[in-house]
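K.L.:
Sequence:
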Amino acid sequence: EQGLTEAQQEAHFALWCVMSSPLTLGNDPRDMTKFELDLITNPVAIGINQDSSEQGRRIAKSGVAEVWVKHLEGNQLAVLLLNRSPDSMEEIQFDVSAVLNGATFRITDVFEKFSTNSDGQLEVELGPQSAKFFLVDGR
Numbered sequence: 114e115q116g117l118t119e120a121q122q123e124a125h126f127a128l129w130c131v132m133s134s135p136l137t138l139g140n141d142p143r144d145m146t147k148f149e150l151d152l153i154t155n156p157v158a159i160g161i162n163q164d165s166s167e168q169g170r171r172i173a174k175s176g177v178a179e180v181w182v183k184h185l186e187g188n189q190l191a192v193l194l195l196n197r198s199p200d201s202m203e204e205i206q207f208d209v210s211a212v213l214n215g216a217t218f219r220i221t222d223v224f225e226k227f228s229t230n231s232d233g234q235l236e237v238e239l240g241p242q243s244a245k246f247f248l249v250d251g252r
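Residue numbers are given in the working numbering: position 88 of the sequence shown equals residue 201, and the series is strictly consecutive.
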């Protein structure tokens, strides 16, 4: 199989978005799958990319597990939890309240497209070369 898996595509696109990288395609758009089209036209991910507050940066690394954040306008934060391992699962934890003001937080999963209220504790188990991408709104 050539190319990236869906999980790798999500991780790649999320990293571009959190780092405010130019969003360009390196493929033939006529051959995109529905998954790929939905990914690159995700309005929340594009909004994170286009927010001019700052460029995202890696704030934590433990082995192959990384945490990336980008502060956004309106007391919002983009959080990318990334597993760089080519073959192992990784559990990643992050406390949003360490970098964003708020008593409670509205957390939106950018790719799964659902939101929930939280105390700011993010904990995920990620497959190899995959990521979870969140938009966090401080309340």
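Hints listed in this document are in silico derivations from the structure and should not be mistaken for laboratory results. Some hints could be false.
For each label pair, taking beta carbons as the anchor points, the in silico distance ranges come out as [as the list claims (entries may be wrong)]:
(1) Thr217 to Pro142: 38 to 48 angstroms
(2) Arg252 to Lys226: 13 to 23 angstroms
(3) Pro241 to Met132: 31 to 41 angstroms
Keep in mind the model is a prediction, meaning the values are calculated, not measured. Note that beta-carbon positions come from the ideal geometry of N, C-alpha and C, so glycine has one too.
K.L.:
Identify every previously stated hint that the structure contradicts and give their numbers, smallest first.
P.N.:
3
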